[in-house]
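Enquirer: Sequence:
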Amino acid sequence: MNVQVNHRKSPSRKVRFKKTGLDYVVSWSVIGLFLIFALVALHLASFVLIPLTMAIVVGLILGIAADRLGNLGVPPTVTAIILSGLFLVLLIVLTSIVWTPVNMLIENGPDMVNRVIEYLKSIPWLERPLAILSRGPDSMETMLENSGSILSTIATGVTPALIQVFIFIAGLLLFLSCRLALRRELIRTFSDRARRLKAIRLFNEVEEALGYYFATAVVVYGLFGVVAAMVAWFGGLGTPALWGVATFLLSFIPFIGIATVTLAMAFGGLLAHEGILLGLLPAIVFFMLNGLLENLLIPAVMGKRLQMNAFMLFVAIVFWTWLWGAVGAMLAVPLTLICITIYGGIVPPTRIQPNLPD
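Oh and the sequence shown: position 146 is 140 in this note's numbering, straight run, nothing missing.
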């Protein structure tokens, strides 16, 4: 008796598990814990991550210039030395410009503090709080007596700052010299050709966006610095070079930088002039000129190419300032621009089809 056995396999059925509310809670809890640990790691490693991140951002900004030198036949190591040297020379020039005015401010600091106290005492509703403050442990006399300990505290922070500067210089030099090799290795991590092409396109878009932003920002914010120096010169605030360089650097922090310069001009004008209206006039003129330039010059120069959501940009500035301080505030715009460029390259834009009647 012959028995035929059917060896055909029964079709496999896909088993679908229905997620419950507890499963979603567990998933989001894991994501939340990962984000918390990531924030803690960024904060604890800030001493090393701040200069390294700054070096990578500056290296990406200088990427277009490095490619131009590479096309001329300059080796990557020589290119890194040239660009790093030019960047350091620029920092030294800016430091030398503000060095003398800063020394003058430090020498005249006690006199300026006394003038501030006398001016605040002339305001009636501030007389009582100032009297309480002058008798407390945080009075101006106590602070001046403890100025030696304050200076020693500042001096102890010089060594870590120098170490961070060394990490930044070394990181910038090595990143520029190994930029093409790092880029090649990252592209090779993708298996198929389509993903490699997308990675190449993303690298190019990030470097172009950062290079265009920095080039236009240097020109526009340099003009802001010239305007601030002229206002300080004609407004009798003194040290116009310091005002110009400070405005140029603070302008890289949107919203907060210009607001800080405006408040500083108002404060300096009140100290330099007797009348309130005359003292506030330099700050008012600077604020009006800056608003005019921001509404006319920046949209015309940058256009829609670097258009970012104002609220999201403000949230990014607050977040990075809280995490890494003043350096984080200056890195907020480049890091946000990098994230927006990568997101735009990965996620295709959706076209909204209008629902028109027949």
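Source of the hints: derived by calculation from the structure; they are not laboratory data. Bear in mind the structure is a predicted one, so any value in this text is a computation, not a measurement. Treat each hint with caution, since some may be false.
[What the hints assert, rightly or not] Computed beta-carbon distance windows for the label pairs:
1. Tyr337 x Phe160: 29 to 37 Å
2. Gly232 x Arg177: 46 to 54 Å
3. Gly79 x Val213: 49 to 57 Å
By construction, the Cβ of each residue, glycine as well, lies at the ideal position given by its N, Cα and C atoms.
Enquirer: Indicate, hint by hint, whether the structure satisfies it.
Expert: We went through each hint and held it up to the structure:
no.	hint	result
1	Tyr337 x Phe160: 29 to 37 Å	34 Å, holds
2	Gly232 x Arg177: 46 to 54 Å	48 Å, holds
3	Gly79 x Val213: 49 to 57 Å	22 Å, violated
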